[in-house]
Structure formats: structure tokens, C-alpha cells
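Enquirer: Sequence:
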Amino acid sequence: MSHASRREALAFGLGVTAASALPTGALAASALPRRSEAAKLWPRGIEGQRKADLGNGTYLNPVLAGDHPDPSVLKDGDTYYKVSSSFHYYPGLVIWKSTDLVNWTPVGPALRRPVGSVFAPDLIKHDGRYYIYFPAANFAPSSALPPAEKAKRPIMAIYVVHSDRIDGPWSDPMDMGIYEGIDPGHVVGEDGTRYLFLDGGKLIPITDDGLKRAGKTAKVYSGWPIPEDWIVEGFALEGPKLLKKDGWFYMFSAQGGTAGPPTSHMAVVARSRSVRGPWENCPHNPIVHTQSADEPWWSRGHATPVQGPAGDWWFLYHGYENGFRTLGRQMLLEPFDWTADGWPLAKGGDLTKPLRKPRGGKAGAHGAAHSDDFTRDRFGINLAAFMPGDTYAERMRLEDGALILTGEGTRISESSPLVINAGERNYEMSVEVELTGNAQGGILLYYDQRFFCGAGADGQRLRTYKMGQSPMFGDMKVPAGRRLFLRVVNHENVATFFHSQDARHWQTYISYEVAGYNHNVADGFLSLRPALYAIKDGTVRFRNLRYVALN
721 MSHASRREAL AFGLGVTAAS ALPTGALAAS ALPRRSEAAK LWPRGIEGQR
771 KADLGNGTYL NPVLAGDHPD PSVLKDGDTY YKVSSSFHYY PGLVIWKSTD
821 LVNWTPVGPA LRRPVGSVFA PDLIKHDGRY YIYFPAANFA PSSALPPAEK
871 AKRPIMAIYV VHSDRIDGPW SDPMDMGIYE GIDPGHVVGE DGTRYLFLDG
921 GKLIPITDDG LKRAGKTAKV YSGWPIPEDW IVEGFALEGP KLLKKDGWFY
971 MFSAQGGTAG PPTSHMAVVA RSRSVRGPWE NCPHNPIVHT QSADEPWWSR
1021 GHATPVQGPA GDWWFLYHGY ENGFRTLGRQ MLLEPFDWTA DGWPLAKGGD
1071 LTKPLRKPRG GKAGAHGAAH SDDFTRDRFG INLAAFMPGD TYAERMRLED
1121 GALILTGEGT RISESSPLVI NAGERNYEMS VEVELTGNAQ GGILLYYDQR
1171 FFCGAGADGQ RLRTYKMGQS PMFGDMKVPA GRRLFLRVVN HENVATFFHS
1221 QDARHWQTYI SYEVAGYNHN VADGFLSLRP ALYAIKDGTV RFRNLRYVAL
1271 N
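Read in order, the letters of the sequence shown correspond to residues 721 to 1271 in the numbering used here.
Worth flagging that the hints you see were computed from the coordinates, not collected in a lab.
Any given hint might turn out to be false.
The following label-pair restraints were derived from C-beta to C-beta distances [to be verified]: (1) 1110 to 1011: 33 to 39 Å; (2) 1212 to 947: 32 to 38 Å; (3) 900 to 993: 38 to 44 Å.
EDC-like, lysine to aspartate or glutamate: derived pairs with alpha carbons at most 20 Å apart [said to hold, decoys possible]: (4) 922 to 910; (5) 760 to 1041; (6) 760 to 1032; (7) 845 to 911; (8) 932 to 911; (9) 817 to 1032.
Here a beta-carbon is modelled for each residue, glycine too, at the ideal position from N, C-alpha and C.
Construct all of the structure, not just a fragment, from the sequences and the given hints.
Expert: Here's what the structure looks like:
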């Protein structure tokens, strides 16, 4: 089949012609299949993005759609603050706030200087000051470093940022001198000493100011013994979150592996009178666990306990949406009670049905727009750079309602695209692209340097990418000047790219199936995100970025 015939077939498959005149958003009504009955249950907010709050005193998970893994939640007066793993995305450690645990809005990023891939953080408040403890893995693999440099740069280090105000300014990241684990969990022991728990049941004392280690590592907990016949990814004792209640220290941990089979991940709990143990496992562990691949949420785990506005108790944790691992690990909310003998007992079941909202909370706004007119700095809250260098902020500037992005590298895999944390099963994104110099730029669905697809232009023709490289049969010979409009529609993990000269008459370009662009295939703990890219010499000027969720 010729390239032209293939384009016509793709257009026919979507119910449009190769020269259809469709305004932005029209594909939702005229060309794409209706969403599933389940998807209709969610109310719609900003840009049609789904909301958990059903408006009748109940909610339906997720409370934060999109990639929000390893949530750490702090109750500070009447307000809750949340931070998640930000991995390769900078600015990172974006803080969100809520007054009812269901509706969330972003505050802003706490981490701007790249220190590596940021794993599970812990947001705490101590003596009136806010701290975020987090591990970061070096971007460069150890095998790629010279021996002398490798000796100076541990693969993983624990960092801390701190601030007098939750909205910043936050300090630069500080290396705590802790290199033997991940997922720090802060606690003040019965002796008044500050400690960090790490994965594998390790305990490390830290200084009174909370900025450095203050002693040796001790292993004090070995986890809950997972039955040998369970289908899990691995043992993986990690993510400790500490709670002191009624004279007990409770440690909530993740086990079973982050992804893998849907039944892998889980949350377990143990308790002790002392941070040094002995630790007693809960008799009904795991307290959170996906039992079957038929459930709506897979790999549920990594739970933070928090008291609701009226004093009741809740877990916030993450899970993969059944059939949509591409969206990453989304944030889920589940109620729990305390048993008569002092153990937490989850009450949400498999999260299939709506649940009663926390009592006493005040519902606020929810979500954040992905569309951007580029008149104000929203970096981190909206666009974030993937695996950037130290001077990444110098590549991008706002000018006269445009984002000007300097080209980087000769291939997309050598560049740092700007990505959006989309949380919808179905959405479209469009943008105006203008090239200067010898730059190439366009739009992508981007997982990492190896797994992305998209469409761009180099001033002479359109370029296509699939699985991180040009397709086997090469680019379509479609002329394209130095200014054009590009659009992507992602519907049920099928991404279709369009191009236009006037943003009114759109031509179908190419479609790709992208369900496999996820952690179980590509590793890395990331999500598939719509993105903008600029490579080679010159700049790409982006205008009128528009995002809309599709029904």
C-alpha cells in the first residue's frame, strides 16, 4: 500500500477524509467511538478532565488521575499536602493541596535543580518547618562512568529540601550522606531522636536539624512473609510511612514489587513500642492488595495513612488503571477503621463502586489546565523537562505568547522533551509550530528515550517516529513548511497524528497502537505523556497549546 493510500485508509477508519475541516475537539463527537459505560461515571472538570467528586457526597477513584506514584500526604491544620515520585521530570516534587482529600490543586514544584531520578519522597513538618526527604538515582548508569568518577558518585543518594513555607522558596537539594537505600520515611523516636527508615527495614538516625545522617544503619524489620504461591513481582520491602498512635509506632510498607502482574503490589503494616523493634506484623496483612486482574485497579499499594477532617482514617496510595498502564500509577483514596486490638482494616473493597467522601471536609477546586497560552511561567505544574541537564531552564523562554525551545541534540533520544502529565483515557492535544534555523520540532507521546512516537517537521517535510526511531518504511514524503499545526488524538491507547496549515483543515497523518509503552515493557516507573520536542540547530516556537479530554 502506498503512503497516500495508507493515509486515506487511516482517515477512512476514523470516519473522516484526508482533508476534513474539523475544529479542535470535534473528533470527540464525530469520529471516535463513544467511551465505555464505566468512563461515563466520572464528572468532568477543567478541559473535560475527570473528577473524583460525584457531587452527591460520594467519590469515585482516582482522586488524582495521571501519574502520581508513591504519594506522601501531610495533614497541616485543615489542609492536606501531597507530593509524589517525580523520577526524570523537572521541575519535580510538585506539591498538591486539598481540604477534603478528594479535590486537589497544584501548589508548585519543590525541586528545580536536577540530581537524578527522584523516587518515593516523604513530606513532613517538624518544629514548624517543612521537609521533603527523597532518594535520587544518578541519570548516568554506573557502567558509563569512569572508575574514579564512579567512586565519587553513588548510584543512589538520599536528599532533603526544606522550607519555612509550603509554597516555598525551597532550599537546594542537600545530600544527606546516606547511600544504602531508597524510600525514606521520617519519624521521631521514643528517645526524641529523628530517624529515617529506608527500604529493607533499615533505620538511620539523622541530625536534629534533619539535614544529615547522625549514626550507623541498623536493620530492624524484615517485612511480612508473602505466601510462596502468590503471584508477585518480588519481595521488595519498601516505602515505609510511619505513624505514632496510642503508644505504638505503626510502619506502613509496600511489598510485592511495583508493577509486574496485577496482583503483585500491596501494602502491609507492622507495629512496635520502639522504632528499633521488635516489630509485630498485622494479623490480616496485606491491608491493601489487588486480588484479581478483573478489578479496576491493579498493583495497589504504597499507602500513606492520614486522618480525615472529622477524625476518621484514610489511606492514600497508588494503582494502575485496568487496561491503562500507560497513564502511570494514579492516586487512590480508601477509608479504613481501627480494630479493637489496634490494627488498621481497609473498608473500600476493590474500589469498583463510589465511596462516601471524608466527613467534615470543604470541597475546593480540582485539577489544573494543560492548555497553555505561554503568557506565564507554569513549568513543573504543566510542562516538565525529561531527564534534563543542569542548564535546562536556559533552553526555554516565554515571549509574546509563545514558548521558544532551543534545539538539543541531533536526535530526539539525545534531547529533553517537555512533557505533560495527562490522566485521561482519551484526549487530544494540538499546537502551532514554527521553526527557525535548522531546527526540527513537533509533538510526541513520550515514555522515555527508547519508547516514543510522534510527528514533527524539519522545514521541508513531515517526520514520523515509532518506538523511538523512524519507522521501518521511512517517513512519509509529505511537504511541510516552517510553520504548521500538529495534533495528536489518543483514544483507548491508539494515537493518531494530524497536520494542518490553518488549524481548520486537518489531514490524518499516521496512527500507532501505544498500549505497550509502559513500565512492564520499558521499565523506568514512568508514564506515556504528550510532549513537545526541539532538536538540531535553531529554535522551535510553540503557540496555543490546547488539550481537551475526549468522551
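Enquirer: Of the hints given before, which are not true for this structure?
Expert: Per hint list: 1, 3, 6 violated.
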